[in-house]
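Protein chains: 2
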Amino acid sequence: MKIIKPTLLIDEAKCRRNIARMVERAKCNNCIFRPHFKTHQSLEIGEWFREVGVDKIAVSSLGMANYFADGGWKDITVAIPVNLLEIEMINDLASRIQLNLVLESEASIQFLERQLHSPVDLFIKIDMGYQRTGIAVENRGKLKRLTQLLEKSNLLRFRGFLGHAGNSYEARSHSEIGHIHKTCMQKLAELRKAFSPTFPNLIISIGDTPTCSRAEDFTEVDELRAGNFVFYDLMQVQIGACNPEDIAVCMACPVIALHEDRQEAILYGGGVHFSKDRLADESGQTIWGKIVSAEDKGWGSIEEGIYLKKLSQEHGTIYGPADFINRLQIGDIIKILPVHSCMTADCMKEYLTTEGRKIEMWDGK
Amino acid sequence: MKIIKPTLLIDEAKCRRNIARMVERAKCNNCIFRPHFKTHQSLEIGEWFREVGVDKIAVSSLGMANYFADGGWKDITVAIPVNLLEIEMINDLASRIQLNLVLESEASIQFLERQLHSPVDLFIKIDMGYQRTGIAVENRGKLKRLTQLLEKSNLLRFRGFLGHAGNSYEARSHSEIGHIHKTCMQKLAELRKAFSPTFPNLIISIGDTPTCSRAEDFTEVDELRAGNFVFYDLMQVQIGACNPEDIAVCMACPVIALHEDRQEAILYGGGVHFSKDRLADESGQTIWGKIVSAEDKGWGSIEEGIYLKKLSQEHGTIYGPADFINRLQIGDIIKILPVHSCMTADCMKEYLTTEGRKIEMWDGK
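Those protein sequence lines, which keep their order, are chains A and B. Following the numbering used here, the numbering of the first sequence begins with 368 at its first residue and continues without gaps. Following the numbering used here, the numbering of the second sequence begins with 368 at its first residue and continues without gaps.
Treat the hints loosely; a few may be bogus.
Each pair may be met inside one copy or between any two copies, as identical chains are not told apart.
No farther apart than 20 Å at their CA atoms in a straight line, the calculated lysine to any residue pairs in the SDA-like style are these [said to hold, decoys possible]:
1) 677 - 486
2) 423 - 520
3) 394 - 665
4) 372 - 478
5) 372 - 732
6) 664 - 370
7) 509 - 563
8) 664 - 398
9) 369 - 698
These are calculated hints, taken from the structure and not from any lab test. In this text, all values refer to a predicted model and were calculated from it rather than measured experimentally.
Let the sequences and hints guide you as you build the complete structure.
In structure tokens:
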């Protein structure tokens, strides 16, 4: 299939390899593997997980849970503090699948107690240091009050603690990831010590791609919930969570203008395609993507010194050495590794495999 | 209609007022009004323009042109250097509407000469100082070569020069917008002087919302092509292009967690809803949105000191004074003015009017 406009390519082989590796890591560490499907948001890519034995997933909204439930997934964790306003969808999902919700407040427990019609499993959101959501692991008093409330409930079953070490995104090497992970593991060990006497079947679930990809000791973890690893991206390379060769998605965009005097090529491909997520590269330069060699099927390695330097709504500006820019022609296709694959996939709403087959995604509604 | 998840509200009255004002400005300045529809991307909102006499539009992709052509628009400018790879769609559109394309290279002219089946009008993209696309107004030699090539063509009709003073986005006041505009007008005057002897019916088209909203002298301009003004946003307020009361869209998001100790409320509403466009406010703080008072229908004025301080894929973090955060409850709806309404609309893919009616958008495919 000829590429004629901004297209999100997926390399199925790389993607399946990323999946296989994470399945293996979960197995070696005696962890339940519950991949987060918010990255790919696709029933077809979900099947690649099912083929290697995955039957539990995490998602980031009730709408997304509904999409995957309709696609036959029977055990879904909505890994974000539950949106009480969607109680109708919660009740619908709870009546037809094993629905696992996340919360961190007494008010949410009381609301669900009153409004739920079917049983759901509940995870208490813990904060392992990221300070986005969750109760600090050290705040035993509040954690205990919530577990006690859940114990008294008929339809809410306390299953464990769910955390996301988003602070691992601050790491810039394999060893920095290890260091952050170690601190988290100490916190989780104390948490388990405090709660396992009352709840021997407690599940501790963690989910960030950097530690799930690189850390070594998962003694304190029962469930791995990573998501981004299915594709990885430049941000994960910078963090030290993967190698550039592991990145399984790549944008392909047409050149629509050339400005050799500024060493720039202008692409049809902007913020509505890539998202506006960016990073500061090794030299401190803000970039929105890195260029890879364009092969007939798929893509090759990163072309050093060539990057996406600016994005507006539909335009992207590539900067590169004169000999690269001068060789380009209007109508050429440039291939670009995304900074943040989850966001890019969400923008693009479909994939094209390097073999030329379209893969559909959830439409987000 | 009850809001239960991230929703893009539109205030139809404000929106129609913004449209009416720009229609009036174009009329007073003897300019053709060709609004850019990439901001709203909606047939229904397009009708609000049609009702006040608009029959020419600009869009930012051939796909979007196709969507509006299907909706009955007969004169469409695709205001981005033409993507030659979509020649099939170009030919289809050229056969059924007045299609106006933009280009800046001899290669594109030669390609279209060979491949076009129906006549199209052509604008040469000029650079008025923004340095994204276009030929510098001072580069008379190249501009002349392109017009000469177009003159020889059968199906390509040279209509004029099209520029976008994107540099007006650097302005921070009404008077700074005026200053940038003045420089642009001087460039356009020289351009007209050079080309109007050969092309007396030359059209000079410009399109940025800041100058179209605030500048006063449009003597050198024949066509206004602004788009963002239909909604405006926080970026335009910061630039000095509008007042906060002019902003016609607003995100409504549920509170899903409260962290009073950090003076934070966590929303269901993240980068996939708002986009990741951000700005540095007066105090240098990076923000992703500002909170407005939530009224039953619509929204009120900006609540000073309360803002969207962080966005991840599905979560947003609101920071505000203790007395604001402490009053919130999980399940409340927070209303937030977006930083960049074009990008937020593109993420959301539909609107809800403050009267409770859904408005559809192009699905982007």
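- [ ] Tell me, please, which holds for residue 369 and residue 698 at an alpha-carbon limit of 20 Å: within, between, both or neither?
- [x] within (12 Å within a copy, 47 Å between copies)
Open item on the list: Within a copy, between copies, both or neither: which one fits residue 372 and residue 732 at a CA-CA cutoff of 20 Å?
Closed with: Close across copies (10 Å), not inside one copy (24 Å); limit 20 Å.
Open item on the list: My question is about residue 372 and residue 478: at a cut-off of 20 Å on alpha-carbon distance, are they close within one copy, between copies, both, or neither?
Closed with: between (47 Å within a copy, 17 Å between copies)
- [ ] With 20 Å as the alpha-carbon cut-off, assign the pair residue 677 and residue 486 to within, between, both or neither.
- [x] Cα proximity of residue 677 and residue 486: none, with 49 Å in one copy and 34 Å across.
Task: 20 Å Cα threshold - placement of residue 563 relative to residue 509 - done: This pair counts as within: shortest intra-copy Cα distance 16 Å, inter-copy 76 Å.
Open item on the list: As a check of your reading, is residue 423 near residue 520 (CA-CA no more than 20 Å) within one copy, between copies, both or neither?
Closed with: For residue 423 and residue 520, the Cα distance exceeds 20 Å both inside one copy (24 Å) and across copies (62 Å).
TODO: If the cutoff is 20 Å on CA atoms, where do residue 394 and residue 665 land: within, between, both or neither? Let me know, please.
DONE: This pair counts as neither: shortest intra-copy Cα distance 31 Å, inter-copy 51 Å.
TODO: Could you place residue 664 and residue 370 in one of the four classes (within, between, both, neither) given a Cα distance threshold of 20 Å?
DONE: within (11 Å within a copy, 45 Å between copies)
Open item on the list: I want to check one pair: residue 664 and residue 398. Are their C-alpha atoms no more than 20 Å apart within a copy, between two copies, both, or neither?
Closed with: neither (36 Å within a copy, 49 Å between copies)
Hints 1, 2, 3 and 8 from the earlier list are contradicted by this structure; the remaining hints agree with it.
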